[in-house]
Amino acid sequence: MSRFSLGERRVERAGDDAALAFRNAVHEAAKTASANADSVDDRACPEGVSSYLYSDAPDDLTTEQIAALPISAFESAPGDAREAERTGYSHYSYWGSTFRMFLANRGAVVALSIVIIIVLFTFIQPYLPRQADPNLIHNNPETGLQIINRAPDAEFWFGTNSIGQDLWARIWSGTRTSLYIGLTVAVIQAAIGILMGVLWGYVRRLDFLFTEIYNILNNIPTTIVLILASYILRPSVRTIILAMSFTSWIVLARFIRNLTMIIRDQDFNVASRCLGTGLWRIIMRNLLPQMVSVIMLRVALSIPYAIDMEVFLTYIGLGVPIETPSLGNLINAGRILMMSPSLRYQLIFPAIVLSLLTICFYLTGNAFADAADPKNHR
Amino acid sequence: MLLYIAKRLGRALISLCLIIVVVFVLLRQMPVEGYFASFDKMTPIQVENGLRKLGLLDPLPVQLLNFFKQLAQGSLGVSARYRQNYPIARIIAQKAPFSLRFGLIAVGISIPLGLGLGVLMARRKGGAWDRIGTVYIVFMQAVPSAIYYLFLQLYGTQALNISLLYNPDKWQTMILPVISLSMPSVAYFAMWMRRYTVDEANKEYIKLARVKGVPTMAVWFRHVFRNAVVPIVQLIPNSLLLTLAGSIYVESLYSIPGMGGLMVDVIKRQDNTMVQALVIIFAMLTIVGLLLGDLAMALVDPRISLARKAEAR
Amino acid sequence: MTFNEELVAESAALRNEPAASRTGESRDTVLSIRDLHVRFRLRGQSLHAIRGVSLDVARHETLAIVGESGAGKSVLMKNLCGLLDPNGWIDGGSIMYEGMDLASFRSERDWARVRGKHIAMVTQDPMTSLNPLKTVGWQIEEALRYNQQLRGAAARRRMLELLADVGIPDTQRRASQYPHEFSGGMRQRVVIAIALACNPKLLICDEPTTALDVTIQAQILRLIHDIKVKYGLTLIYITHDLGVVANVADRIAVMYAGDIVELGACEEVFFDPRHPYTWALLSSLPQLGVKKQELYAIQGTPPNLFQPIRGDAFAPRNPWALAVDFAHRPPYGRVSPTHKARTWLLDPRAPAVEPPPAVRSIRTLFERGAFTENPQGGNG
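Residue numbers (the numbering used here), protein chains in the order written: chain A, 1 to 378; chain B, 1 to 313; chain C, 1 to 380.
Rather than coming from a laboratory, the hints here were simulated on the basis of the structure.
These numbers were taken from a predicted model, which means no experiment stands behind them.
All C-beta atoms, glycine included, are put in the ideal place defined by N, C-alpha and C.
Among the clues, some could well be false.
Said to hold, decoys possible - Residues of chain A clear of chain C, computed beta-carbon distances all greater than 12 Å:
| # | residue |
| --- | --- |
| 1 | Arg100 |
| 2 | Ala132 |
| 3 | Gln146 |
| 4 | Arg238 |
| 5 | Met261 |
| 6 | Thr324 |
| 7 | Phe349 |
Said to hold, decoys possible - With a cut-off of at most 27 Å between alpha-carbon atoms, the simulated DSSO-like pairs for lysine-lysine come out as follows:
| # | chain 1 | residue 1 | chain 2 | residue 2 |
| --- | --- | --- | --- | --- |
| 8 | C | Lys134 | B | Lys207 |
| 9 | C | Lys134 | C | Lys117 |
| 10 | B | Lys203 | C | Lys134 |
Full structure from sequences and hints, please.
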């Protein structure tokens, strides 16, 4: 009932009150008529009214109720097709639905919260009181010796490493480095991938050329390119970003190209083109919004991927220099010590932070891609 | 069909040549110390003589041509630092069987497991299997493989009470590396199998098959699964790509004398000629793998004929 | 004799059965739907897709179900083979077929008793209805195996016969080809052959010609009619195009917003339609168009079935609506023993309303052959 009255109020606001008042009056009349079905209405129809009824199925009104309908109910009241159209379908907003879909996925909301908390914390952490420098080697003031491999306690929350650096500080500093790599790669990948993909998909003349280039590049394993690039350039954060950006945009470009091709030939774009809308405007207004889900997914996933690859490159000895704390460096340092149970915390702590971060990014990306896909809006 | 194969073959060949040229040219930019075992003790004249002997002072195109000639004869040059002056091809011939054995066992295990899991997930969307499988896939996809490789090695060797490293005489030491290599592949196959199965199950022809009175199980096996497996065929060689990074990790973690472990060794020792050879070999393997995948696909899917295959799928 | 004249003659012959066989209830009823309600859950809301439909289908008749897209035609038919989407369910009513209530079927095992052997279906889109990785012959033989217990050489022989029956030439070669080697019309013939291989009693054709081009449409239509006669089938034909069924249907049910608004023998619905929606549908037939005059189009859109419908669902779009239409759902009014319509206009108290002139001219047009004209002139 409430939904019904809402609909009517909308009509009212639209300004058709006269028609509405009339309709409601008729409705009331008919309702009372059917309620007092036994009482005889003198204007109501005479005998034999039921003779025309074809009653092989149950209906809303009984024969008596029909007979009792007032003659006024049978006045002509042509329908208004425009109004039918207006109330015909519910309002739909793309971003509204996307937002609602995402919020409905409780796991994703939790994941997103964790992502936000971790990202915010990595940036706030250095400014909090009592935070150590990640590269400072702590010495025992009494003995003057380095505090090495101290188990976690009140002073060093995550303990110290094999040369006496504070692991807590190093982990957050490392997370910062890894996030920086991941986000930068994601942005570069998105920028190049979208530009190339849209050009590839939209400009027919480029299609053949791009496709051939893609088919050749796609045959080259990204891991190899990554290893090669890191091997030739000196190990540094910039090298890793460069190597990863170089390979990752191709996949995104292909996704975008396929989407563009599908959307390009849809009716509304043909219509737009016929109306003389410029290429840039078509791309911005008609293409990009439809691609949001794919782009968001790729970007969100490129962060765990970037972190993974950083760990990999560090493992094979091509990662960032040891002075720069990164999650890859920490894992690698922890690995060397993992055989002695008392030092295992140096592997476990970075591993937990790393896994939490990548899983949450992955879940958020997936959930957002699902929510942003209009096919799932229900 | 022949035209399609020829086209596909040509493309693979171009990719291979391209990558060889790029690798070769790029590696020439590396410091020259990577060509000598004891660079620090050498005088500049000795270095120059050594480089000349290796043909590295010739103009780049000449070097490239010589390299291709050498490749055509099946030679990959000699190692500079890893094992001085030892033919690389022979080093690889010793290492390859180990990688091959582990890789094949891992793929052999992960295909049935992955496909089975994917099918179980797709049969009841949102059911128990679907949930378990999804958690597993998310974990494998999101968590860097180094993490679970390390913890598997750490706690697995303790649980099985075996040594940390691979020992060719003890078959038990093969278990953990094989599990490590299979874990991500199982997730990979399960993910695609689930997707393709769900796709096929929603197709119109499945409805027709049901309406014509084919029993449910027969519809699932003869129509849905059968058709969902077809695109998987293309992914099988592709999964070599996936195990490449994995084999580098796993082989060096367990000290398996294979090509992945070798890669880590030669990078750490900055052996230019070895890095060059290994990069080219790995690239070649993946290119051949992708090629085989496409050709296998063309064999099982009657729709791919006469080069009518959709480009850049 | 052109193909269409033949059709007219044939369907006339069919309709000249004894009067008793044409009066709804007393006939040999194959299928009886009573007060069926179907709902869907969509975007967290409940959609009332079928709103109390009752329908009898007589043996050997051709019943056409006509209506706009979204009127619930296909949903209604999907209930007959257990193909309702998982988010839909039957919310009351019964579907009686040979003593079984199909509305109570829940498991695939239940449906296995009915599908194929009893009720078969020709689906809408021939391009996607065939398994792309199996040969055409294999797919027909599969139906033969489960419904007629034919295997091996016997199945192959029957399969080739069926292919010939549906008008596919060079059957030996064609049988071993894959669906992608067939054109749309040819694939639809194969789908029909598969339906026939089931040896069903009731055949449902769900817009079988919609995805095909016009010249092919006529051929497929004719084929369906021919096999109906040859195999003694009961046929339910779903379409949004009244023109298509003018010659083949014995009876026509007009659906609007999940309800049957008018039901009658073919000529009754064409020559004496009573529901304003039927008038609107008929008026928008291109055959009624006058040169240089805009073709009639129904204003507005069908109602939103997420919300409860008060009164007559068509009222907002109906220029002849009565006040009562907005308050109460009309009952079925009797026009003849075989013809009923759900409109208050049949009430004696309602003002006398003339159908639009275009509709009144249908009989004349029909006699002049406007509906039997065929671009190809048939091939018969």
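Each hint, compared with the structure:
1. Arg100: Non-interface label fails for Arg100(A): nearest chain C Cβ at 10 Å, not farther than 12 Å.
2. Ala132: Since the minimum Cβ distance to chain C is about 51 Å, Ala132(A) lies beyond 12 Å and the statement holds.
3. Gln146: holds, 62 Å
4. Arg238: Holds: least Cβ distance 48 Å, greater than 12 Å.
5. Met261: holds, 20 Å
6. Thr324: Nearest chain C Cβ is 50 Å from Thr324(A), so the label holds.
7. Phe349: Holds, since 43 Å exceeds 12 Å.
8. Lys134(C) to Lys207(B): OK: Lys134(C) and Lys207(B) at ~15 Å, within 27 Å.
9. Lys134(C) to Lys117(C): Roughly 22 Å between the alpha carbons, so the hint for Lys134(C) and Lys117(C) holds.
10. Lys203(B) to Lys134(C): Status holds; Cα separation ~15 Å.
In this structure, the one hint that does not hold is number 1.
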